[in-house]
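Enquirer: Take a look at the letters that make up each chain.
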Amino acid sequence: MNAFIHHFTFEFRTGIRNKTSLLLNYLFPLGFYLMMGFVMPEINPPFREDIIPAMVVFGILSATLLAIPDPLVNARENGVFRSYKINGIPSLSILSIPALTTVLHLVIVAVIITATAPLLFDAPLPVNWLNYAIIFGSMAFACAGLSVLIGVVSPSSRMTVLWSQLIFVPSMLLGGLMLPNKMLPDIAGKIAQLLPATQAMNAFNGLAMGKVADFSPWGSVLVLFISGVLAFGLAIYLFSWDSRNTTRRGHPLLALLVLLPYALGILLLS
Amino acid sequence: MTDPIIQINNFQKTYAGFVAVDDISFDVRKGDIFGLLGPNGAGKTSTLECLEGLRTPNGGSLRVAGIDPAREPRKLRNLIGVQLQSAGLPESITPDEAMRFFCAYHNVAPRFDVLERLGLAEKRRSQFYELSTGQQRRLSLALAVVHNPQVLFLDEPTAGLDVATRAELHGMMRELQTDGTTIILATHDMAEAEQMSDQVAILLKGRIVSIGTPMEITATGADLTKISVRTQDGSLSVSSIALPAVSQCTFKDDYNIYFSSDIGPTLSALITHIEAQDDTLIDLRVERPSLEDRFIEITKTGVSK
Numbered sequence: 094m095n096a097f098i099h100h101f102t103f104e105f106r107t108g109i110r111n112k113t114s115l116l117l118n119y120l121f122p123l124g125f126y127l128m129m130g131f132v133m134p135e136i137n138p139p140f141r142e143d144i145i146p147a148m149v150v151f152g153i154l155s156a157t158l159l160a161i162p163d164p165l166v167n168a169r170e171n172g173v174f175r176s177y178k179i180n181g182i183p184s185l186s187i188l189s190i191p192a193l194t195t196v197l198h199l200v201i202v203a204v205i206i207t208a209t210a211p212l213l214f215d216a217p218l219p220v221n222w223l224n225y226a227i228i229f230g231s232m233a234f235a236c237a238g239l240s241v242l243i244g245v246v247s248p249s250s251r252m253t254v255l256w257s258q259l260i261f262v263p264s265m266l267l268g269g270l271m272l273p274n275k276m277l278p279d280i281a282g283k284i285a286q287l288l289p290a291t292q293a294m295n296a297f298n299g300l301a302m303g304k305v306a307d308f309s310p311w312g313s314v315l316v317l318f319i320s321g322v323l324a325f326g327l328a329i330y331l332f333s334w335d336s337r338n339t340t341r342r343g344h345p346l347l348a349l350l351v352l353l354p355y356a357l358g359i360l361l362l363s
Numbered sequence: 003m004t005d006p007i008i009q010i011n012n013f014q015k016t017y018a019g020f021v022a023v024d025d026i027s028f029d030v031r032k033g034d035i036f037g038l039l040g041p042n043g044a045g046k047t048s049t050l051e052c053l054e055g056l057r058t059p060n061g062g063s064l065r066v067a068g069i070d071p072a073r074e075p076r077k078l079r080n081l082i083g084v085q086l087q088s089a090g091l092p093e094s095i096t097p098d099e100a101m102r103f104f105c106a107y108h109n110v111a112p113r114f115d116v117l118e119r120l121g122l123a124e125k126r127r128s129q130f131y132e133l134s135t136g137q138q139r140r141l142s143l144a145l146a147v148v149h150n151p152q153v154l155f156l157d158e159p160t161a162g163l164d165v166a167t168r169a170e171l172h173g174m175m176r177e178l179q180t181d182g183t184t185i186i187l188a189t190h191d192m193a194e195a196e197q198m199s200d201q202v203a204i205l206l207k208g209r210i211v212s213i214g215t216p217m218e219i220t221a222t223g224a225d226l227t228k229i230s231v232r233t234q235d236g237s238l239s240v241s242s243i244a245l246p247a248v249s250q251c252t253f254k255d256d257y258n259i260y261f262s263s264d265i266g267p268t269l270s271a272l273i274t275h276i277e278a279q280d281d282t283l284i285d286l287r288v289e290r291p292s293l294e295d296r297f298i299e300i301t302k303t304g305v306s307k
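One line per chain: the protein sequences are A and B, in this order.
Numbering (the working numbering) for the first sequence: 94 to 363.
Numbering (the working numbering) for the second sequence: 3 to 307.
By construction, these hints were calculated from the structure, which means they are not laboratory data.
All residues carry an ideal CB built from backbone N, CA and C; glycine is no exception.
Here are a few chain B residues that sit away from chain A, every Cβ distance over 10 Å (derived from the structure):
1. V147
2. Q152
3. G182
4. A193
5. A278
Which stretches of chain B does chain A cover? Using the computed rule of at least three CB atoms under 8 Å from a CB of chain A, they are:
6. 54-65
7. 77-86
8. 90-96
9. 99-110
From the structure, some residues in chain B lie toward chain A, with a derived Cβ separation under 10 Å:
10. Q129
11. A146
12. H149
Start from the sequences, fold in the hints, and give me the full structure.
Expert: Rendered as structure tokens:
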């Protein structure tokens, strides 16, 4: 427990001390939130109702997909994991602690957004706080798992950026952050269901914000939760201590299994 | 003889068909400093990494403190300390945090005194990337010894260190040795290996080409011993003399310099000649080939004589 606390404390401090992490955990999400809050309601007044869930989801995407994978790849490439292995630091701690500290940063960001949006932008507050917290937790868990998995299977920083952007950019465009899912063409709406952001926005709308969900909101929560479990499981299974070690347990393409809950969601959720 | 704490028998390591280590065997006695020498690609790192449990051997058996590193790596963690060639710490960690962090995983109290001893007292709150190369290596070393390991693996420990820190490190190695720690020292610094090691193995292309004490290894070479002699009247220069076992001679800075393959008869003949000429010996220096000379000879020829 003592070791866990020291590891957690160090990782949490890194999230603030490291300039890139600080940017992606706090400055980028909060800066974007302020910009969108001032600009978007003028262009698209209904956006005011979505400011809180949309910007919380954006914060989660930024702090996980953009911030988690690269340090994992760099640590592996620079021999940090080898050093950890020699000193008995388990792979479970290496993968779970950055995710947990990121979730703690995200809680802070979510509290700031939720507390200030009604004052600054006249945004409505959630009507069901428990569901709001559950959906936030599920989305953070799913995205943290996905990000850790990307960090584990990416052979280099360049590939990390590619994989992360493959989820981040479509999430921004199709995930319901800027436009409601129902406004998308049918096929685009279905493809969007492969994204955690779409599932989270659907669940927020149906369970926390007092709006109507496009498809089963509890189904979305379940998809996020199962994908998170699957992502962490795959990350632990595919983890390698250093890039020169060729004895990986499975092929990196196995990581694509993480999309299975989302694909099943398209078929089963209505 | 003390029991071996490290036993290597017919050890092999290959990477996709490339043989990095080819059937080597040797033991390391408890409490020894064992130098592992060899040019780049000789198999030193593969050997160390298999002993540390970072890689799995392809053949043979390894035992470190009675434990097979590949089968029981967890048991090995508190018994060994490793200073890796690359420092292997996160960029933003401070020496204080690293000390608390690693000690917690080893279940020992933080040893900030080690940081002070290695000259890191003023850098305890600096981030790892802000430290100089030498400071990073010292931190890595401090973390390797905090849990009093039975076996300490040092990979190029003095690379990038200044003279004072290097001397401090050597003193620390001696203290650890006195306390019973066995040290495996992989280094390119032959003077360091010669000065510090009780036993040395020279690896070349995955095989051991020479093993023994530094004295034994230097004694078996084909290199000639250099004998420099200065006399009062210069009798050695005046008359040309034939000395046994001397293959070449030269004169420099008032010294007659001889290269001998067998110093006993050469020295005896020299002194007899000086006395016969009624001359007086002012200075006599005998320089054995160093471990570096021997290493260069072995790595050039690929064989140990």
